[in-house]
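So you can see what is in the structure, the chains are spelled out below.
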Amino acid sequence: MNAIARGLKVSTAILALTAGIAAAQDVEVLHWWTAGGEAAALNVLKEDLAAQGIGWEDMPVAGGGGEQAMTVLRARVTSGNSPTAVQMLGFDITDWAREGALANLNPVAEENGWEPVVPDAIKAFSKYDGEWIAAPVNVHSTNWVWANADVLEENGIEQPETWDEFVTAMETLQEAGITPLAHGGQPWQDATLFDAVVLSTGGGDFYKAALIDLDPEALNSDTMVEAFERMATLRGFVDDNFSGRDWNLASAMVINGEAGFQMMGDWAKGEFLGAGMTEGEDFLCFRFPGTQGSVTFNADQFAMFDQGGEVSPQQAAFAQAVMSPEFQVAFNVVKGSVPARTDVSDEEFGACGKKGMADLAQAAADGTLYGSMAHGYAVPASVKNAIFDVVTAHFNGEFDAQTAAEELATAVEIAQ
Amino acid sequence: MNAARHRPDRLTRLQSLVPGLMLAPSAALVLLFVYGFILFTIYLSFTDSRILPSYDWIGLENYSKLFRLSHWTTAVVNLGVFAALYMAFSTAIGLMLAIFLDQKIRGEGVLRPIYLYPMALSFIVTGTAWKWFLDPGIGLEHTMHLWGWESFRFGWIKDRDFAIYTVVIAAVWQTSGFVMAMFLAGLRGIDGEILKAAQMDGANSWNLYRRIILPQLRPAFLSAFVILAHLAVKSYDLVIALTGGGPGRATELPATFMYSYTFSRNQMGIGAASAVIMLMTIAAIMVPYLYAELREKKA
Amino acid sequence: MTVEGASRTGHAARALIYLVLLLFALFYLLPFGIMVINSLKPLSEITGGNMMALPRTWTLEPWRAAWSTAQIGVSPTGLAPYFWNSIKMAVPAVALSTIFGAVNGYVLTKWRFRGDTLIFGLMLFSCFIPFQIVLIPMARSLGILGLAGTTPGLVLVHFVYGIGFTTLYFRNYYAAFPTELVRAAMIDGAGFFRIFWRILLPSSGPIIAVSVIWQITNIWNDFLFGTSFADFDSQPVTVALNNLVNSSTGVKEYNVHFAGAIYAALPTLLVYVVAGRYFVRGLMSGSVKG
Chain A
1 MNAIARGLKV
11 STAILALTAG
21 IAAAQDVEVL
31 HWWTAGGEAA
41 ALNVLKEDLA
51 AQGIGWEDMP
61 VAGGGGEQAM
71 TVLRARVTSG
81 NSPTAVQMLG
91 FDITDWAREG
101 ALANLNPVAE
111 ENGWEPVVPD
121 AIKAFSKYDG
131 EWIAAPVNVH
141 STNWVWANAD
151 VLEENGIEQP
161 ETWDEFVTAM
171 ETLQEAGITP
181 LAHGGQPWQD
191 ATLFDAVVLS
201 TGGGDFYKAA
211 LIDLDPEALN
221 SDTMVEAFER
231 MATLRGFVDD
241 NFSGRDWNLA
251 SAMVINGEAG
261 FQMMGDWAKG
271 EFLGAGMTEG
281 EDFLCFRFPG
291 TQGSVTFNAD
301 QFAMFDQGGE
311 VSPQQAAFAQ
321 AVMSPEFQVA
331 FNVVKGSVPA
341 RTDVSDEEFG
351 ACGKKGMADL
361 AQAAADGTLY
371 GSMAHGYAVP
381 ASVKNAIFDV
391 VTAHFNGEFD
401 AQTAAEELAT
411 AVEIAQ
Chain B
1 MNAARHRPDR
11 LTRLQSLVPG
21 LMLAPSAALV
31 LLFVYGFILF
41 TIYLSFTDSR
51 ILPSYDWIGL
61 ENYSKLFRLS
71 HWTTAVVNLG
81 VFAALYMAFS
91 TAIGLMLAIF
101 LDQKIRGEGV
111 LRPIYLYPMA
121 LSFIVTGTAW
131 KWFLDPGIGL
141 EHTMHLWGWE
151 SFRFGWIKDR
161 DFAIYTVVIA
171 AVWQTSGFVM
181 AMFLAGLRGI
191 DGEILKAAQM
201 DGANSWNLYR
211 RIILPQLRPA
221 FLSAFVILAH
231 LAVKSYDLVI
241 ALTGGGPGRA
251 TELPATFMYS
261 YTFSRNQMGI
271 GAASAVIMLM
281 TIAAIMVPYL
291 YAELREKKA
Chain C
1 MTVEGASRTG
11 HAARALIYLV
21 LLLFALFYLL
31 PFGIMVINSL
41 KPLSEITGGN
51 MMALPRTWTL
61 EPWRAAWSTA
71 QIGVSPTGLA
81 PYFWNSIKMA
91 VPAVALSTIF
101 GAVNGYVLTK
111 WRFRGDTLIF
121 GLMLFSCFIP
131 FQIVLIPMAR
141 SLGILGLAGT
151 TPGLVLVHFV
161 YGIGFTTLYF
171 RNYYAAFPTE
181 LVRAAMIDGA
191 GFFRIFWRIL
201 LPSSGPIIAV
211 SVIWQITNIW
221 NDFLFGTSFA
231 DFDSQPVTVA
241 LNNLVNSSTG
251 VKEYNVHFAG
261 AIYAALPTLL
271 VYVVAGRYFV
281 RGLMSGSVKG
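Protein chains in written order, with the UniProt record's numbering: chain A, 1 to 416; chain B, 1 to 299; chain C, 1 to 290.
Just chain A, same shape as in the assembly:
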């Protein structure tokens, strides 16, 4: 009976179906860069492949920062019609690799020398069991604060370096009748804030113990209680209409001078540049106070679906193109993120981009580059969402800090 059950295991059946589906010359790419500049940036890759005679079948699916695309991916794989290459994040890559669905990219990686140029923390996801299974495109760092330079100057505020200075600065803004912190109340945004607060409150080791290793003692600790108290403090600096607001509308508040700061990943930069502001002059970018020297990251990667035991020539060409320094620069200048390779020139990047690249290289060397919990690079999806539940409930006033820390430990335990 057991043998039959094992024989029926869907994953195997799927793999059998997947084999031999690949179209002869084209690559079908599932991704969620579906509109505006980021989609246009991907076109660089398309043209690069076209020059090599490889057609691009575009399969964009937007929604929920890739969640919708992952649902579609599951339907596609289950139906035995998996796409050639798929944009993926963090633990999704690991989960699919565990199902044995991803192609081994080792030959391409060796030939092109990926090993020394990609930071270890990212390689932890690009590789599974010693095999390269994904090609990282970019690194977003998520612990940035964006500020309106004029607003800060008018209120005599220096760029804050510590938590206390940050609080003082926000108090000053509040007294001046300006919303100190522009924030959108969506679970992932609350969690992005939480990542930075935990890192700032407890330092890198605590962040790792609590949000990556899920140590129950760290999750329900005094430090965690303090982190939740700081979240409550931040809540006091957010306007009343925050809930449900899209992150880019929060950016607009900073751009229009209605708010002083926004805590958001580097994709926010595009909004500021799009509004005709200059980085480093009209708007400032700096690390969340207390997290200088550390970087929490989110990296988009492309994984190749196994289409018959080995990586096809088209897939190899695709992976190689993704990792080429030219594409990494061209794409990331538009996208706001920084290249996943740490060996490319920062010449074409603006002030914030240059700083981001330097920070990344430094954090990678110091071992202070951490996966972002909010963006699926610290814990699997089930745990991530369980943490979201607690963080969001606390931020909306459902729990006090003490209860939140206890709930956090319980929720993580149930989800594991």
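By construction, these hints were calculated from the structure, which means they are not laboratory data. The beta-carbon is built from N, C-alpha and C at its ideal position, and this holds for glycine as well. Each hint can be trusted.
Ranges of calculated distance between the beta carbons of each label pair, as one might list FRET restraints:
1) Arg295/B <-> Gly308/A: 55 to 65 Å
2) Gln402/A <-> Val77/B: 20 to 30 Å
3) Gln402/A <-> Arg64/C: 52 to 62 Å
4) Arg13/B <-> Gly55/A: 51 to 61 Å
5) Pro42/C <-> Asp346/A: 29 to 39 Å
6) Ala95/C <-> Gly53/A: 34 to 44 Å
7) Leu60/C <-> Leu32/B: 44 to 54 Å
8) Gly36/B <-> Arg112/C: 24 to 34 Å
9) His145/B <-> Trp84/C: 42 to 52 Å
10) Glu413/A <-> Leu39/B: 28 to 38 Å
11) His145/B <-> Gln402/A: 32 to 42 Å
12) Leu32/B <-> Arg112/C: 17 to 27 Å
Once you have looked at the hints, place chains B and C on chain A.
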């Protein structure tokens, strides 16, 4: 065929098979793609399926986990509140508009499509507009303030305790016009003779409606009930577009819960368990209703 | 019917009725109005100001962009090419589910047999299945049938999950149709199809309108099936619209989004406005009379 013509008894037998044969494809498809899949889901709810279906039996564990999640309780309570208010208001507004429109109204031809059109739009289309309208910072409240009504407050969508009512408002907006059409059709279908007779007996308008017209609308009420109930249970796009389940998780419904566990959280087993509970609840309400309804028609 | 007493109701009452009707018209039009107004503004006016206000600068640029130049995936094609995909999917699916619904309704009312009520009950209950639970098993089934990622696959899916409702409509309609006529025809020796074709179908216009309107609304607006079961070359317009409006970390051009949303809704809107009259007539002549 030729052979059959010579033997009429076989032709008759063949004839008598035709209706069944015509119904068979639909019935088979529904059996397989609806009931087969329901069985499959029930099976999954007893397994440790996570990212993809797995066949490792774990008994009732998913159900016990499900009922430990406060989040699920919220979703179920929300559905109760939402479905009750949504169905009540859609029916009441639909009936009222139908009765009013039935008073020889000038411009009925213009008003009717205006009431009906929201049903034609999906919430991918109207979600953002609703979200803005309900947002106190940029929508109705803000506009009222600009017009000088400073004390006007309408911030339900931002309030944990009231956000679910904004979902009701948008849902009623979408379907009440449709319900209106059903009642209007019902009203227009009532035999004029009965009404004349009643009026001769001296019944006033109010009594006419209460005693004679509303009881005659019973079939319309029943159709409205089926359609509204199925829309209420399936409401998903609406919540995603309007509140994303927030503030916090305050407007989560079973449909959004199930989707999020099955797909976003990679806990397909728990998602399947929640789907089974949902289906059982629907069955508990619908089966007696369908039974009574179909029995009666037979008689 | 119209209550004869209507003329007796006072002027005040009639004024009140008109007022209520107009207020509701306003309520129904509001979200659409917000969409239209904002689709005619430059983006800076939207993010920088009052979203409910009329445009200061009127522009048609967002409409042009949404139709033909907006970036959807890697290609700047706008929504235009996706319309064709939607039409290829919706037309056969609507036609098939309506035809089969009609035949089913006919069999279930005029050719009763043991267990027909049970079959109808099962079909009706199938309307209540939440679509999210069928995604994975359906994907597998389409794979086995060789229809994964194709338009025929989508047609099949919409057909299967629409059949419950169309059967309900036609069954209720035909239930009110005089059975004596069918009996008489049978005695005259008319067969199953002849009776359907000659006797029932000619008077089915209104209910066909209801079924078609209902199905088109559901199928054209469907997102879940479209996104899960379509391939790169068969994505319907709702999926493209979602790609346009829900891009995760890109700049959000709300004016273009609204223009795109109105485009995507135009076919169904048109059906409602043009065929709305038949719709009420169709409901009237059967489905709500039971």
